[in-house]
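*Asks:* Please model the complete structure; the sequences and the hints are all you need to start from.
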Amino acid sequence: EAGVAQSPRYKIIEKRQSVAFWCNPISGHATLYWYQQILGQGPKLLIQFQNNGVVDDSQLPKDRFSAERLKGVDSTLKIQPAKLEDSAVYLCATSVRAPLTYGYTFGSGTRLTVV
Amino acid sequence: LAKTTQPISMDSYEGQEVNITCSHNNIATNDYITWYQQFPSQGPRFIIQGYKTKVTNEVASLFIPADRKSSTLSLPRVSLSDTAVYYCLVGVLSGGSYIPTFGRGTSLIVHP
Numbered sequence: 001e002a003g004v005a006q007s008p009r010y011k012i013i014e015k016r017q018s019v020a021f022w023c024n025p026i027s028g029h030a031t032l033y034w035y036q037q038i039l040g041q042g043p044k045l046l047i048q049f050q051n052n053g054v055v056d057d058s059q060l061p062k063d064r065f066s067a068e069r070l071k072g073v074d075s076t077l078k079i080q081p082a083k084l085e086d087s088a089v090y091l092c093a094t095s096v097r098a099p100l101t102y103g104y105t106f107g108s109g110t111r112l113t114v115v
Numbered sequence: 116l117a118k119t120t121q122p123i124s125m126d127s128y129e130g131q132e133v134n135i136t137c138s139h140n141n142i143a144t145n146d147y148i149t150w151y152q153q154f155p156s157q158g159p160r161f162i163i164q165g166y167k168t169k170v171t172n173e174v175a176s177l178f179i180p181a182d183r184k185s186s187t188l189s190l191p192r193v194s195l196s197d198t199a200v201y202y203c204l205v206g207v208l209s210g211g212s213y214i215p216t217f218g219r220g221t222s223l224i225v226h227p
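Residue numbers (our numbering), protein chains in the order written: chain A, 1 to 115; chain B, 116 to 227.
What you were told as hints is all true, and nothing was included just to trick you.
Between beta-carbon pairs, the in silico distance windows are:
hint, chain 1, residue 1, chain 2, residue 2, range
1, A, Q41, B, G210, 18 to 24 Å
2, B, F178, A, K78, 37 to 43 Å
3, A, E68, B, Y166, 32 to 38 Å
4, A, A30, B, F178, 29 to 35 Å
5, A, G103, B, L208, 17 to 23 Å
6, B, T136, A, R64, 34 to 40 Å
7, A, K83, B, G130, 42 to 48 Å
Subject to a maximum C-alpha distance of 25 Å in a straight line, what follows is the list of computed DSS-like cross-link-like pairs (lysine-lysine):
hint, chain 1, residue 1, chain 2, residue 2
8, A, K62, B, K118
9, A, K83, A, K44
10, A, K62, A, K83
11, A, K15, A, K83
12, A, K44, A, K78
13, A, K62, A, K44
14, A, K44, B, K184
15, B, K118, A, K44
16, B, K118, B, K169
Short derived list, chain B residues pointing at chain A, Cβ under 7 Å:
hint, residue
17, Q157
18, G158
19, P159
20, F161
21, Q164
22, Y202
23, G210
24, S212
25, I214
26, F217
27, G220
Simulated from the structure, these hints should not be mistaken for laboratory data.
Small disclaimer: the values here were computed from a predicted structure and weren't measured.
From the three backbone atoms N, C-alpha and C, an ideal C-beta is built for every residue, glycine too.
*Replies:* Below is the structure:
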């Protein structure tokens, strides 16, 4: 079974620039999550999709972050404009099960550095 | 916002059993408790999941008391390759919804 694919692997941008991350989930996994992991901390949920609908985005900074999941498969997370504090690893995770059972499969993440 | 609490770090030696406890006082009634392992430059990897009492798989055991306000991950006979950060994950009440929330993680170092 193929894993969760994320790209790019690394990205360096200047503050106030925009950036986008892409995630391709495991086939058949209806639930998709984006997490932000700042160095030395646990992953923090940004947004959760069930198929192509948003289940929870209460922790997504909507003034600068946006996410979509086209046709319930691939997903993109965008930051515009980026701030220094957005430097982190952005992890995509998918699950075959509905919310409240959290057996996720994570991708390797995209490491973003904002300078 | 209620949080999960884990020890920041633990040290052990090869062949020993390691127990890592996570406190989650406000866990949702129908929520599972899940543990993950993370190596540097990788995403977290699922280890084990449970709802109550004890769950065992080929790599770990998970002990959950009746009140479900804590859980203990048990790693039998650890090896050097078990050096990693271990996270517990539960739903934490925030703004009327239960948000899947990771703890800050426990950095386990296994010594020869």
